[in-house]
Amino acid sequence: MQHIVSVLVENKFGALSRISGLFSGRGFNIESLSVGPTLDPEISTMTIVTEGDDRIIEQIIKQLNKLVDVIKVVDLTEQEYVERETALIKINTRSEDRAEALRIVDIFRAKVIDSTPNTYTIETTGDVKRINAIINLLRPLGIKNIIRTGRIAIARGEGRSASVRDLPERRSVSR
Amino acid sequence: MKMTGSQILVECLKKEGVKTLFAYPGGVNLPIFDVLYGQKDLDVVLCRHEQGGGHMAEGYARVTGKAGVVLVTSGPGATNTVTAIADAAMDSTPMIILTGQVPTQMIGNDAFQEADMVGITRPCTKYNILVKDVNDLAQAVKEAFYIATSGRPGPVLIDLPKDVVLAKAAFNYPESVYIRSYSPNRKGNKWQVKQAVQEILKAKKPIIYAGGGVLASDASKELKDLAEAAHIPVTNTLMGLGGFPGTHPLFLGMLGMHGMYWANMAIHNSDLIIAVGARFDDRVTGRVKDFAPNARIIHIDIDPTSIHKVITADVPIVGEAKTILGDLLHYLSTMGNGDSGKYAAWHEQIEAWKKEQPLLYEQNDETIKPQYVIEKIYEATRGDAIIATDVGQHQMWAAQYYKFNHPRTFLTSGGLGTMGYGLPAAIGAQMAAPEKVVFAIVGDGGVVMNIQELTTAVQYKLPVKIAIINNRYLGMVRQWQQLFYDKRYSSSFIGDQPDFVKLAEAFGAVGLSAAKPEEVEGVLQEALSTDRPVVMDFRVDEEENCYPMVPAGAAINEMVFRDPVGPRPAAEIQKAKKAGGILTA
Numbered sequence: 023m024q025h026i027v028s029v030l031v032e033n034k035f036g037a038l039s040r041i042s043g044l045f046s047g048r049g050f051n052i053e054s055l056s057v058g059p060t061l062d063p064e065i066s067t068m069t070i071v072t073e074g075d076d077r078i079i080e081q082i083i084k085q086l087n088k089l090v091d092v093i094k095v096v097d098l099t100e101q102e103y104v105e106r107e108t109a110l111i112k113i114n115t116r117s118e119d120r121a122e123a124l125r126i127v128d129i130f131r132a133k134v135i136d137s138t139p140n141t142y143t144i145e146t147t148g149d150v151k152r153i154n155a156i157i158n159l160l161r162p163l164g165i166k167n168i169i170r171t172g173r174i175a176i177a178r179g180e181g182r183s184a185s186v187r188d189l190p191e192r193r194s195v196s197r
Numbered sequence: 031m032k033m034t035g036s037q038i039l040v041e042c043l044k045k046e047g048v049k050t051l052f053a054y055p056g057g058v059n060l061p062i063f064d065v066l067y068g069q070k071d072l073d074v075v076l077c078r079h080e081q082g083g084g085h086m087a088e089g090y091a092r093v094t095g096k097a098g099v100v101l102v103t104s105g106p107g108a109t110n111t112v113t114a115i116a117d118a119a120m121d122s123t124p125m126i127i128l129t130g131q132v133p134t135q136m137i138g139n140d141a142f143q144e145a146d147m148v149g150i151t152r153p154c155t156k157y158n159i160l161v162k163d164v165n166d167l168a169q170a171v172k173e174a175f176y177i178a179t180s181g182r183p184g185p186v187l188i189d190l191p192k193d194v195v196l197a198k199a200a201f202n203y204p205e206s207v208y209i210r211s212y213s214p215n216r217k218g219n220k221w222q223v224k225q226a227v228q229e230i231l232k233a234k235k236p237i238i239y240a241g242g243g244v245l246a247s248d249a250s251k252e253l254k255d256l257a258e259a260a261h262i263p264v265t266n267t268l269m270g271l272g273g274f275p276g277t278h279p280l281f282l283g284m285l286g287m288h289g290m291y292w293a294n295m296a297i298h299n300s301d302l303i304i305a306v307g308a309r310f311d312d313r314v315t316g317r318v319k320d321f322a323p324n325a326r327i328i329h330i331d332i333d334p335t336s337i338h339k340v341i342t343a344d345v346p347i348v349g350e351a352k353t354i355l356g357d358l359l360h361y362l363s364t365m366g367n368g369d370s371g372k373y374a375a376w377h378e379q380i381e382a383w384k385k386e387q388p389l390l391y392e393q394n395d396e397t398i399k400p401q402y403v404i405e406k407i408y409e410a411t412r413g414d415a416i417i418a419t420d421v422g423q424h425q426m427w428a429a430q431y432y433k434f435n436h437p438r439t440f441l442t443s444g445g446l447g448t449m450g451y452g453l454p455a456a457i458g459a460q461m462a463a464p465e466k467v468v469f470a471i472v473g474d475g476g477v478v479m480n481i482q483e484l485t486t487a488v489q490y491k492l493p494v495k496i497a498i499i500n501n502r503y504l505g506m507v508r509q510w511q512q513l514f515y516d517k518r519y520s521s522s523f524i525g526d527q528p529d530f531v532k533l534a535e536a537f538g539a540v541g542l543s544a545a546k547p548e549e550v551e552g553v554l555q556e557a558l559s560t561d562r563p564v565v566m567d568f569r570v571d572e573e574e575n576c577y578p579m580v581p582a583g584a585a586i587n588e589m590v591f592r593d594p595v596g597p598r599p600a601a602e603i604q605k606a607k608k609a610g611g612i613l614t615a
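Residue numbers (the numbering used here), protein chains in the order written: chain A, 23 to 197; chain B, 31 to 615.
Watch out, some of these pointers could steer you wrong.
The list that follows gives simulated cross-link-like pairs (lysine-lysine, BS3-like), each with its CA atoms no further than 30 Å apart [claimed, not checked]:
id	chain 1	residue 1	chain 2	residue 2
1	B	K162	A	K88
2	B	K546	A	K94
3	B	K32	A	K34
4	B	K319	A	K88
5	B	K220	A	K84
6	A	K34	B	K198
7	B	K385	B	K319
8	B	K162	A	K34
Only some residues are given here: those of chain B computed to face chain A with a beta carbon under 10 Å [to be verified]:
id	residue
9	R182
10	Y212
11	D333
Don't read these hints as lab results, they were simulated from the structure. Don't be surprised by glycine CBs; every beta carbon is placed ideally from N, CA and C.
Working from the sequences, and respecting the hints, build out all of it.
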């Protein structure tokens with residue numbers, strides 16, 4: 023089963039490769055991984071979409087926690103959460119296709135963010151099903167390129183997320 | 031007052047109580063060696079190959095419980111330590127590796143003797159760090175020692191660019207350190223501990239399965255107290271030997287692939303396994319799906335990833351062995367331990383298994399049996415020596431026939447299985463314990479993998495006793511080829527070897543040899559009577575095999591006890607290969 027795991031990690035160089043290396047070294051799958059800053063500039067958050075049975079997911083979470091630079095790991099799949107992904111889709115546009123392309127964009131409430139004589143670049147945000155759906159509709163028009171962010175997710179309401187609030191200081195040192 | 035990075039580093043090491051450095055100089059760590067020159071409080075042991083230096087630090091760490099420290103130069107000096115680092119990671123040995131690095135502005139330029147050590151060692155260190163600013167150096171060293179020695183111990187590498195060790199900064203050594211993203215759980219959950227006690231009270235056929243974690247947390251006394259109070263038999267993993275007295279009536283010896291028959295039978299037939307500081311390694315479990323089918327499992331480990339990794343635990347307890355074993359004993363006495371005779375039938379059954387398949391070999395008058403050498407080493411040292419081994423048959427015989435009564439006296443490469451570990455580990459051990467007798471029991475294959483360290487032993491007048499169990503084969507490889515590959519001894523014959531006596535003498539050590547059984551004791555006595563390093567070449571039976579044995583892929587109770595009689599039918603060998611090497615006697 024697919025799991026979405028949210029990870030708070032110290033924003034140090036090498037932290038990303040430690041995490042990706044953990045997945046490759048132990049044979050765990052990564053469907054997608056996205057990294058971004060948090061309210062605290064010293065901390066990044068990673069959203070990892072992975073797949074495995076319960077035993078494997080348990081190992082993934084424990085192994086992530088074991089990494090020295092990882093502060094917190096939350097399996098969002100255990101609770102209510104919302105997820106989004108953004109895709110940038112560049113399509114070929116012959117003049118006879120332009121109206122059809124704009125119709126699809128309109129139906130999905132996507133946006134054309136760039137246009138050249140032969141292309142449209144479309145931005146769309148939604149859950150995975152929605153993005154796959156618009157891609158399928160656009161495909162007959164001729165897709166030149168797709169860039170997807172990978173999924174990001176957050177717990178609903180008061181649910182447990184990997185949040186930087188209430189964390190202790192990075193280090194306390196007494197001299 | 032400002033100090034250079036090199037001076038700061040050396041001061042940090044002193045603050046951490048480091049007495050011995052295993053080191054090799056080179057271009058970029060010269061500033062550090064310059065500070066070390068003439069230091070009175072720090073012994074620098076010059077290894078002859080950085081891998082050897084790494085294993086020395088491991089040996090030192092395993093004897094003292096403190097982090098072993100290695101200092102090497104960049105590039106090849108650093109990459110040569112990788113095997114030792116991986117070894118330390120697998121066997122949870124605390125180690126600090128200080129690698130020189132090219133100056134920061136040259137990093138990434140393929141500079142002379144540049145290697146990305148933080149990248150190369152990322153998967154085989156507990157943590158590693160490239161120090162880019164001399165002002166961060168003291169903090170980095172403090173954290174490195176804290177991480178290496180706390181929780182599940184392991185190797186931590188600090189990469190030190192040349193400009194950083196030359197730059198100056200004020201020296202402030204942190205008194206203590208806290209890392210928010212790293213806080214190992216030391217105390218076990220009390221509720222879980224009470225659950226464990228309930229399990230022990232219910233059990234009829236309990237067994238304690240104790241590993242290296244008992245040694246790492248200095249919990250030998252707690253283990254013995256618990257076993258004696260509850261009257262539960264104890265088996266050790268290879269890494270756990272010495273954690274429970276080898277001659278204790280409750281001790282069953284080692285379990286696993288070359289473990290004692292009765293230990294394997296006991297674990298297989300038990301109704302409760304109390305696993306402490308052990309990780310259900312494949313060499314212990316055999317075929318996992320048939321492992322101890324009727325046992326409830328209490329699993330105590332400091333590393334949460336060890337729990338539920340191979341075997342699902344019924345009562346998982348994360349924490350230090352020492353604290354949790356102490357708590358178990360405490361609650362056991364308050365929650366009603368009572369009748370110590372309640373496992374009588376279970377102990378009787380184990381005694382019957384002991385009689386059924388005792389550990390045995392037959393010594394004749396002609397050729398030395400390797401097991402005989404181990405027994406004689408045990409007798410000659412009265413079980414009081416520190417024993418380091420390489421990997422293979424001799425390692426298993428040492429584990430089977432030497433009775434380790436004291437913690438931190440058996441040094442072996444258990445997880446990674448590194449040939450060439452024994453000799454340098456023995457040197458590190460002798461540095462840590464000058465008053466002890468230290469033996470390296472090694473094979474004729476492994477000993478030449480780090481033979482250069484004999485020079486180190488001679489230079490520092492370390493009286494290590496190196497016993498080569500010389501069967502002119504890579505013995506364990508040959509054994510598998512005999513049993514599973516139709517005696518096709520592909521590349522396992524290594525009879526074209528140096529004259530080890532002359533070799534020892536050329537290095538400036540004492541060389542002795544024995545080819546007849548009656549010579550063994552004399553050689554050992556002579557070796558023990560000198561305070562110089564000694565190489566003993568024991569010319570043993572070339573085709574003696576290590577038994578009992580659980581063939582790869584078999585269950586732990588499916589042991590083989592002796593060589594098969596007569597040639598194996600080809601079809602049977604083919605079938606065995608397909609099944610992953612199972613060939614039953």
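Against the 30 Å threshold, does the CA-CA distance of K32/B and K34/A hold or violate the hint? Holds. K32/B to K34/A sits at ~27 Å (cutoff 30 Å).
Under the criterion that the straight-line Cα-Cα distance not exceed 30 Å, is the pair K162/B, K88/A satisfied? holds, 25 Å
Hinted pair, alpha-carbon criterion (30 Å max): K319/B, K88/A. Please report holds or violated. holds, 27 Å
Can the restraint linking K34/A and K198/B be considered satisfied, given a maximum Cα separation of 30 Å? The hint holds at about 24 Å.
Going by Cβ atoms only, is D333/B closer than 10 Å to chain A? Since the shortest Cβ distance to chain A is 7 Å, the answer is holds.
Decide if the proposed pair is consistent with the structure: K385/B and K319/B, CA atoms, cutoff 30 Å inclusive. Holds, at roughly 28 Å.
Is the shortest C-beta separation between R182/B and chain A less than 10 Å? Given a least distance of 9 Å, the restraint on R182/B holds.
Hey, K220/B versus K84/A, does the alpha-carbon distance stay inside 30 Å? Answer holds: K220/B to K84/A is near 21 Å, not above 30 Å.
Straight-line alpha-carbon gap K546/B to K94/A, limit 30 Å: Violated - the C-alpha atoms of K94/A and K546/B are around 63 Å apart, more than 30 Å.
Supplied contact hint for Y212/B, tested at 10 Å Cβ to chain A: Status holds, d = 5 Å.
So if I understand the rule, the pair passes when the alpha-carbon distance is 30 Å or less; does K162/B with K34/A pass? OK: K162/B and K34/A at ~12 Å, within 30 Å.
When held up to the earlier numbered hints, the structure conflicts with hint 2 and nothing else.
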